[in-house]
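Here is what each chain is made of, one letter per residue.
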Amino acid sequence: MLYSFIGYYSLIFGLFISLPIFFFSIKNFKTDAVLDPKIITFSFIQLFLVIISFLGLVFSFVYSDFSNETVFNNSHTTKPLFYKISGTWGNHEGSLLLWLVVLTLFIFLFLIKSKGLLKKYRILTLLFQQIIIIGFFIFLIKSSNPFNYIFPIPNEGLGLNPILQDPALAIHPPILYLGYVGSSIIFSSVLAATTLDYITKEWAIHIKSWILISWVFLTLGILLGSIWAYYELGWGGFWFWDPVENVSLMPWLALTTLLHSIIILEKKSILSSWVIILSIATFTLSMCGTFLVRSGILNSVHTFANDPERGLFILIFLFILIFISLFIFFIYHKTDNKVSNSFFLLSKETSILVNNWFMMYFLSVILIGTVYPIFLEVISSQKISVGPPFYHKLIIPFLIPFLIFMAIGPQLKWIKGGLEGKLNLLIFFIISLLISFFIVKNFKDNFLINTILIGSAFYLFSITIRDFLLKKLKNIHQNVAHFGFSLLILSILLNNIFSSELITNLKVGERFKNDKFEIVFNDLKKFEQKNYVSFKGNFLIIHNQKKDELKPELRVYNQPNIVTSEADIKTNLFSDKFITMNTVKNEEYFNIRYQVKPFMIWIWVSVLLISLGGILSLNKKKYEK
Amino acid sequence: MYGRKVKLRFFFIVAIILSVILSVFLVLKSLEENVVYFKSPSDIKSLGKFGNEKIRIGGMVKQDSIKIKSNQVNFIITDLKSEINVTYSGVVPNLFSEGKGVVAEGYLKDKIFFEATKILAKHDENYMPPEVKAALENK
Amino acid sequence: MRNRIIYSLIVIFFLFVFVILYKGLSNSNLYTPKANIKSIPEFSSEIFLKKNTVNSSDIFNKKNYYLLNIWASWCLPCRDEHPLLINLSKNQKIEIIGLNYKDNLNNANKFINELGNPYSTILLDRDGTKAIEWGAFGVPESFLIYDNKIVKRYIGPLNLKLIDEIKNYIK
Numbered sequence: 001m002l003y004s005f006i007g008y009y010s011l012i013f014g015l016f017i018s019l020p021i022f023f024f025s026i027k028n029f030k031t032d033a034v035l036d037p038k039i040i041t042f043s044f045i046q047l048f049l050v051i052i053s054f055l056g057l058v059f060s061f062v063y064s065d066f067s068n069e070t071v072f073n074n075s076h077t078t079k080p081l082f083y084k085i086s087g088t089w090g091n092h093e094g095s096l097l098l099w100l101v102v103l104t105l106f107i108f109l110f111l112i113k114s115k116g117l118l119k120k121y122r123i124l125t126l127l128f129q130q131i132i133i134i135g136f137f138i139f140l141i142k143s144s145n146p147f148n149y150i151f152p153i154p155n156e157g158l159g160l161n162p163i164l165q166d167p168a169l170a171i172h173p174p175i176l177y178l179g180y181v182g183s184s185i186i187f188s189s190v191l192a193a194t195t196l197d198y199i200t201k202e203w204a205i206h207i208k209s210w211i212l213i214s215w216v217f218l219t220l221g222i223l224l225g226s227i228w229a230y231y232e233l234g235w236g237g238f239w240f241w242d243p244v245e246n247v248s249l250m251p252w253l254a255l256t257t258l259l260h261s262i263i264i265l266e267k268k269s270i271l272s273s274w275v276i277i278l279s280i281a282t283f284t285l286s287m288c289g290t291f292l293v294r295s296g297i298l299n300s301v302h303t304f305a306n307d308p309e310r311g312l313f314i315l316i317f318l319f320i321l322i323f324i325s326l327f328i329f330f331i332y333h334k335t336d337n338k339v340s341n342s343f344f345l346l347s348k349e350t351s352i353l354v355n356n357w358f359m360m361y362f363l364s365v366i367l368i369g370t371v372y373p374i375f376l377e378v379i380s381s382q383k384i385s386v387g388p389p390f391y392h393k394l395i396i397p398f399l400i401p402f403l404i405f406m407a408i409g410p411q412l413k414w415i416k417g418g419l420e421g422k423l424n425l426l427i428f429f430i431i432s433l434l435i436s437f438f439i440v441k442n443f444k445d446n447f448l449i450n451t452i453l454i455g456s457a458f459y460l461f462s463i464t465i466r467d468f469l470l471k472k473l474k475n476i477h478q479n480v481a482h483f484g485f486s487l488l489i490l491s492i493l494l495n496n497i498f499s500s501e502l503i504t505n506l507k508v509g510e511r512f513k514n515d516k517f518e519i520v521f522n523d524l525k526k527f528e529q530k531n532y533v534s535f536k537g538n539f540l541i542i543h544n545q546k547k548d549e550l551k552p553e554l555r556v557y558n559q560p561n562i563v564t565s566e567a568d569i570k571t572n573l574f575s576d577k578f579i580t581m582n583t584v585k586n587e588e589y590f591n592i593r594y595q596v597k598p599f600m601i602w603i604w605v606s607v608l609l610i611s612l613g614g615i616l617s618l619n620k621k622k623y624e625k
Numbered sequence: 626m627y628g629r630k631v632k633l634r635f636f637f638i639v640a641i642i643l644s645v646i647l648s649v650f651l652v653l654k655s656l657e658e659n660v661v662y663f664k665s666p667s668d669i670k671s672l673g674k675f676g677n678e679k680i681r682i683g684g685m686v687k688q689d690s691i692k693i694k695s696n697q698v699n700f701i702i703t704d705l706k707s708e709i710n711v712t713y714s715g716v717v718p719n720l721f722s723e724g725k726g727v728v729a730e731g732y733l734k735d736k737i738f739f740e741a742t743k744i745l746a747k748h749d750e751n752y753m754p755p756e757v758k759a760a761l762e763n764k
Numbered sequence: 765m766r767n768r769i770i771y772s773l774i775v776i777f778f779l780f781v782f783v784i785l786y787k788g789l790s791n792s793n794l795y796t797p798k799a800n801i802k803s804i805p806e807f808s809s810e811i812f813l814k815k816n817t818v819n820s821s822d823i824f825n826k827k828n829y830y831l832l833n834i835w836a837s838w839c840l841p842c843r844d845e846h847p848l849l850i851n852l853s854k855n856q857k858i859e860i861i862g863l864n865y866k867d868n869l870n871n872a873n874k875f876i877n878e879l880g881n882p883y884s885t886i887l888l889d890r891d892g893t894k895a896i897e898w899g900a901f902g903v904p905e906s907f908l909i910y911d912n913k914i915v916k917r918y919i920g921p922l923n924l925k926l927i928d929e930i931k932n933y934i935k
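Residue numbers (the numbering used here), protein chains in the order written: chain A, 1 to 625; chain B, 626 to 764; chain C, 765 to 935.
None of these hints come from the bench; they were simulated from the model. Careful, some of the hints might be misleading.
As the list claims (entries may be wrong) - Only some residues are given here: those of chain C computed to face chain A with a beta carbon under 10 Å:
no., residue
1, N767
2, F778
3, V781
For every residue, glycine included, the Cβ atom is placed at its ideal position computed from N, Cα and C.
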């Protein structure tokens, strides 16, 4: 009661703090003086109020205050404390409040960290960011107030969807939002810089660290989402090309492209329009993702029940931002005319640019696959869905040149110059192809494309290792990230080709045998837990004379009354053994799925390596200064 | 003669246009091939002929219709107007139960018989796939 | 000049996208409880222990107060509020309608035999869809109805204080 009260009023006051920020910023903008410290103070007050409001919600959850509608809808007294807290952002209202926390936090950090830069630029960035912040404030207070009051006060809440009660998913939203919202700073900053014609080397160096930060968080956020899908959903996959997953991948692709283009801008002061468009696109895609997920406009396997009316607000807000940025881009942006005179076919920037285009292509494929069903339904009221084959068919073949460019690109010099050690690179390529030939040899389907694909991934893999041995710490960040990417592609491919599975329905005590595995359902035990009842199955799997015992679990949650299945996974360096069981209509048959998935752990490791590359690059900035 | 710069530029533009055309063509073609249409049991009843393409059927799982055997699950999808029998062997999602919305993906054998290759899972009890909702409302 | 055409094309493109997404939104999507239903939803339902079905318009037809109570035998708070409902049912000015929610019929029957029957009619909601149409949050939940309008909803079990409030309304 008290906490919701405090939370609600600090939210309202937080919105009003935007007024003095606007007032002092505009006043300060016109004078020549240095940045008015009052602006920073007010930004801090706003941040403080928003954090108080957020804590208000957290405490309402911790103390299970069911007079608060959000708490009532998403919590329950028997829930463990950890999930009470994570329940705060596990729902629409709370997650938007978290957005707002990160938005205000980032602009405050920006103001502190950008001391050496042009004053007008700092103020203008703040103003653009304030527009976004105010939009979110109004959205929260008007249509998704997290502090709605229910009377009479219910004794018990409805509970958090059990499928969300998972450690990876508990921290997934905050991390992902740091990435999404980080891109808002890039957006505001690029608009400010365009208006002031300040797209310079200095600006590029400064904005690069913001790009890196959001990129690292976005990468980790996507990773956590995948891990959750793998461990909790029990489908044995980690990426389903589902719209909700796609919307997090799209900003990531835009951001990755931006990260590479900003390097060119920093080194050569070209490509400024490209950088502006990408910065705008990244944030727009993040917002678009929020819109698509929150409005329920998409038919996704990950969608949770939600309110379409909220979608309208986000949609309008999104397009206001798009039109503001288009307007600024058209009016203020002057193309740099010195561009084209120094573009050579064989240079680092050309290879980066080529890969930029590839990434844009991947981005458009995903965008089309995601929104095409919406368009078709509106235009012809046909209901369709676009499945994984679409994405595989359009993306996989283009990964081959992409990987090769990724390997060769870093070997090239800036501006102009030949390729060193051509022979060396060629030999590496042939060796990689041969190795992959032997790996895929016994596999019949798509033999050719698999060989070439694994060959190119292996090529990138070996080249990055070679560079690591030869050049030691020079460009280590880029090397680690590229190495991670090659490892990612390799492990996904091998995982795809060599995984095998068995699906059957079994009763307790029965066994099932096919040409590869034998599976025995030994027994089923019941355990009472705090907020669920658990049924643990005991399975014996015999494969190549090796015996494994696996214990998948079924959880029957008390509130809401939902059954979830927890996979049991045995992980080692080479493969994961994965088993799930499921009941159907409480009958004695259990639906069993057993899978052997090679190199699963390397998929996670490689994504960690990719983000490690980003972290290294951030730190490199620091000690070079 | 044009200068080297102009030539290079010309080459660039042509390359870009060509690749854009190529990718648009590729995208459209594979959209056409890989799109899965959504039908309700009533749509299927009124279907003139049916091909071999993959479709999705949505509706509610009929009460008391789930039958489970060692290698497959049988049930009936209904939109409260027409019904269709489904057989499925594979993993059943947690929220699959009688009286709940369901979307099954697979191939039609004939007008009342459907072989599912996938049953789509949902994470939320209150969630009804939009297609299913539409199918149920048009009854 | 050329630039201007490109600019307006881009703007038109985005406007087009906006319109499509907007239309897509109004193709409403989800089956969630409507939070604020003012007039009662129309539905038809089986009657408990009888084979016939009734329409909502036939139940709430009189100029009279009704209390629609959503209950189930598996719901413990329902057990607590049951004596209060029995007490309230003695009042002539109000008719209590039960909506049996996702229940086993035998258990429901036992529940009524054991604790008494305050309801003039018991409707059946086997799959929970009717409760959704009412916008109910869960069980127990009660709706005070007059003239086909929902006067007040009570989420969670009723208590003495709330019963007094209801009595105040119907006076």
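Evaluation of the provided hints:
{"no.": "1", "hint": "N767", "result": "holds (8 Å)"}
{"no.": "2", "hint": "F778", "result": "holds (6 Å)"}
{"no.": "3", "hint": "V781", "result": "holds (8 Å)"}
Hint violations for this structure: none, all hints satisfied.
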